[in-house]
Structure formats: C-alpha cells, structure tokens
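Trainee: Dock chain B against the given chain A, drawing on the hints supplied.
Each chain, letter by letter, is given below.
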Amino acid sequence: MSTNQIDPTKWVDQYSDYLFNYTIARVNDRDMARDLISETFLAGLKSMKNFKGEATERTWLISILKRKIIDHYRKTNSKKGKAEVHINYKDDESEGDWLEERVADPFDKTAEDSIENEELGEAIFNCLGKLPEKQARIFKMKTIDDFDTEAICNEFDITPSNFWVIIHRARTAMASCMEKNWL
Amino acid sequence: MKLKTECQEANHICDKNQYNEASLIDKIKLSFHLIYCRACRKYSSRNGKLSKAIKNPSVETVSMSDKELMKQRLQEQLNQVNN
Numbered sequence: 001m002s003t004n005q006i007d008p009t010k011w012v013d014q015y016s017d018y019l020f021n022y023t024i025a026r027v028n029d030r031d032m033a034r035d036l037i038s039e040t041f042l043a044g045l046k047s048m049k050n051f052k053g054e055a056t057e058r059t060w061l062i063s064i065l066k067r068k069i070i071d072h073y074r075k076t077n078s079k080k081g082k083a084e085v086h087i088n089y090k091d092d093e094s095e096g097d098w099l100e101e102r103v104a105d106p107f108d109k110t111a112e113d114s115i116e117n118e119e120l121g122e123a124i125f126n127c128l129g130k131l132p133e134k135q136a137r138i139f140k141m142k143t144i145d146d147f148d149t150e151a152i153c154n155e156f157d158i159t160p161s162n163f164w165v166i167i168h169r170a171r172t173a174m175a176s177c178m179e180k181n182w183l
Numbered sequence: 001m002k003l004k005t006e007c008q009e010a011n012h013i014c015d016k017n018q019y020n021e022a023s024l025i026d027k028i029k030l031s032f033h034l035i036y037c038r039a040c041r042k043y044s045s046r047n048g049k050l051s052k053a054i055k056n057p058s059v060e061t062v063s064m065s066d067k068e069l070m071k072q073r074l075q076e077q078l079n080q081v082n083n
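First to last, the protein sequences are chains A and B.
So the first sequence is numbered by this note's numbering: it starts at 1 and just counts up by one.
So the second sequence is numbered by this note's numbering: it starts at 1 and just counts up by one.
Hints are computed from structural coordinates only; laboratory data are not their basis.
Note that the structure is a prediction, hence the values are computed from the model and not measured.
One or more hints might be untrue.
Computed footprint of chain B on chain A; a stretch qualifies when at least three of its residues, placed anywhere within it, have a C-beta under 8 Å from a C-beta of chain B [stated by the list, open to error]:
id, region
1, 4-18
2, 22-34
3, 38-46
All C-beta atoms in this analysis are idealised placements derived from N, C-alpha and C, irrespective of residue type, glycine included.
Pulled out of the complex, with its shape left as it was, chain B reads as follows:
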C-alpha cells in the first residue's frame, strides 16, 4: 500500500470525511499525511470547524415545502402585476 499521499488527495479525503464518506483506508492515509504536512493540518482543522459550525442547531433553513409556498404566492402576485 502506498502510504505517501499527495496534498491534493489528502484534502479530498478530508472533504469526504466531513460527510462521513471516507473509507477506513482513506482515513489512515489522511492521518498519516497529517503527521508530516502542516498545511493540510491547518486545512483539516478549519474544515472540521466549518462542519461543526454548520451543524449547529441554531442554523436554520426554510423547509422545501414552505419555499414552494412562498414561490407560488410570489408568482401569483407577479402574474397580477403583469396583467
């Protein structure tokens, strides 16, 4: 197994890992890479913090159905204005 990993690949694994989509081998490769690569360590920590911030429960989105409703109302109004 090739253990030495390029930074580009390491970042790619790190991105995947944020969504729990990295395989075990990927994770081992990444942690090995992080031992000696300072730039990727920084990227990894920033990436992790970003994930954590977005998972914060106070970050809310409008549900898809509500968005559709809003769009409909807006469209109706738009049609009235145009007519």
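With the rest of the complex left out, here is chain A:
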C-alpha cells in the first residue's frame, strides 16, 4: 500500500503558493508562473496513477513543475535565437575597444540580493507547509493576506483568544523553522 495519499482537490490551497514562489524565482514572470503552475496541476491529474506514494505529494508536484519550467526555458530560448543579432568583430584590432564593454553592469551588484529575496518566499512557504493545516491557513490569512481578526474568527468559528493561541503557535513554529537560514 502506498504511504502517501493523493488528493487533487486540496492541491490549490496547499501547494499553489509554494509552487508559485518556486517558479517566480526561476521564471521571473508572474503570469507565466501562474500558467506553469496551473499546467502542473493538470499534468499531475493526468498522471495520478503513476504516483507511487514513495515521495510526498509536494515533491512529486515539484518534479512535474521542474519539467514544465525546463520546457518553458527551451521555448523561450528557441525564440530568442531567431531574433538575436550576433556581432562579430571584423578584425583583431577593433576587438575589445568598445566603451560599452568597459562599463560595469549595474544589475550585477543586485544579483545576489535578488536571489536571496526570491529564495525567501520559497523558505516561508516551505515552513508554512510543515504546520498543521488549520494553523497554516489562519496564519496565512492573517499575516500575508491581511484579513481582520474578526473575519477569521467568524470563518473558522473560533474565539479571539483561541485565534491568538493559534497565531502564537504558528509564529513560534515558523520562527524556529526559518531561524537557521533566515532570521
């Protein structure tokens, strides 16, 4: 019997934010990332019978997503090659004599910072995925989607003090999960 069960109806709620941050870090285009995730879910559905339960659902979805991202790279690269203008130096003398080539790349400095920031999103949703489901949903609604305390209490039918206990537990768990690399 398989150890990990599969339940497609919960995919969007549980994994879309994690997959989204994972994709954004690699594709850098929100609309494209969203489409890739949507395709991943559909592809997952089609090959559900191939899921052996050896990995967790999320690992399995990530492996499908990776293939989708690679396909996306291939597509954009094949388009790029056609439009690209290759500049060849005619002789050795003119080579390396371009002012533009001496100017430092202004984007280079921030490259490292942006990599770190992009990975932060992944780390957050990775840790969020480790929390119990209800805790994670409440924490996400309150902290990321900025819902009112009252609205959340009504939706989950809990008292405010109940709510703050859940938030406290979630924050403690999140902090210790992220502490090693991020806090």
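Mentor: Same frame as chain A, now just chain B:
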C-alpha cells in the same frame, strides 16, 4: 496599574503588536517587561524578524481569483477523468 506582566501575557501582546493591534497600555507593559525578561526579549526579536521577512515584497501569493480559476480547471478535468 499593575506593571508587572507575566511572560505569557507579554508574548500575547508581542504577537498582537506584529499586526499593530496592541493598545498603548499593552505596549508600555510589554516594553517594561522586556527590560527584565531575557526570554521574552529573544522571543520579541525573533517575532519581529519573522514579520519583517514575511512583509518582504518578494514574497508573493497567488491571488484568490487565480486560485479559484485553477480550482475550476482542475475540477473540470477531474470530472472528465471520473466520467
């Protein structure tokens, strides 16, 4: 006014403060408590860092409407598979 605050209450105020929901009196109580309680100081600083990390603009979520769309497409596909 009772100034001495229990750690549990201090943490509760600190949690609320992350969402700007702590009252002024709460905040005074908390800062007074933090003067002498090292454990809560640590919790407060961690809590603050966590808030800051999550508020980072590069942390993105899929919008509710997009999620609904995805769910719909998934459900349609699911119905086809089952039929």
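Trainee: Please name the hints from earlier in the document that this structure breaks, with their numbers sorted from lowest to highest.
Mentor: Violated hints: none; all satisfied.
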